[in-house]
Structures are given as C-alpha cells and as structure tokens.
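Kindly generate the complete structure, drawing on both the sequences and the hints.
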Amino acid sequence: QFENVVPVWGTHTQEELQQILFFNDHPPVVDKSFKEEVQKVQSFFN
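Just so you know, our numbering puts 41 at position 41 of the sequence shown, and the rest follows in order with no gaps.
Some clues are possibly wrong.
[To be verified] Derived DEER-like restraints, expressed as beta-carbon distance ranges:
id : residue 1 : residue 2 : range
1  : GLU3      : GLU36     : 23 to 33 Å
2  : HIS12     : GLU37     : 20 to 30 Å
3  : PRO7      : PRO28     : 37 to 47 Å
4  : PRO27     : PRO7      : 19 to 29 Å
5  : GLN42     : GLN1      : 36 to 46 Å
6  : VAL38     : PHE2      : 20 to 30 Å
7  : ASP31     : GLN1      : 41 to 51 Å
8  : VAL8      : VAL29     : 16 to 26 Å
9  : PHE45     : GLU3      : 35 to 45 Å
Think of the hints as simulated: they come from the structure by calculation, not from any bench. Note that the structure is a prediction, hence the values are computed from the model and not measured. The beta carbon of each residue, even a glycine, is placed where N, CA and C say it ideally should be.
Written out as structure tokens, the structure reads:
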C-alpha cells in the first residue's frame, strides 16, 4: 500500500521508534573507549 514503509519488528511504543530513528541519524562512535567498555561488560558476564 505504501512504497516507502517497512515494518520495524520488535518496536512496541512510539518511544522505541524514536530511539531507533535517533540512532539512525546519530550513530554511536566506536572508538577505543567504547571497545574497552564492551570488553569490561563482556568479562562481567563470562
């Protein structure tokens, strides 16, 4: 029915959709400190 519309599975609220759209326009910066934080969280769960 609409050419430019796709379903966003798993989105239940308007707030969740806004978060997805925000990060689409403002992707996170993956730098050294980000990678260090990921390693810290991973080691916590291992």
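Cross-check of the supplied hints:
1. Range check, GLU3 to GLU36: about 43 Å between beta-carbon atoms, so the 23 to 33 Å window is missed.
2. At about 27 Å, the CB distance of HIS12 to GLU37 agrees with the hint of 20 to 30 Å.
3. Under the hint 37 to 47 Å, the C-beta atoms of PRO7 and PRO28, about 24 Å apart, miss the expected range.
4. Between PRO27 and PRO7 the beta carbon distance is about 22 Å. The supplied range of 19 to 29 Å therefore holds.
5. Look at GLN42 against GLN1: about 43 Å separates their beta carbons, and that is inside 36 to 46 Å.
6. Range check, VAL38 to PHE2: about 37 Å between beta-carbon atoms, so the 20 to 30 Å window is missed.
7. With their beta carbons about 42 Å apart, ASP31 and GLN1 fall inside the hinted range of 41 to 51 Å.
8. The supplied range of 16 to 26 Å is met by VAL8 and VAL29, whose beta-carbon atoms lie about 24 Å from each other.
9. Taking the beta carbon of each, PHE45 and GLU3 are about 42 Å apart, inside 35 to 45 Å as hinted.
Violated hints for the displayed structure, listed by number in ascending order: 1, 3 and 6.
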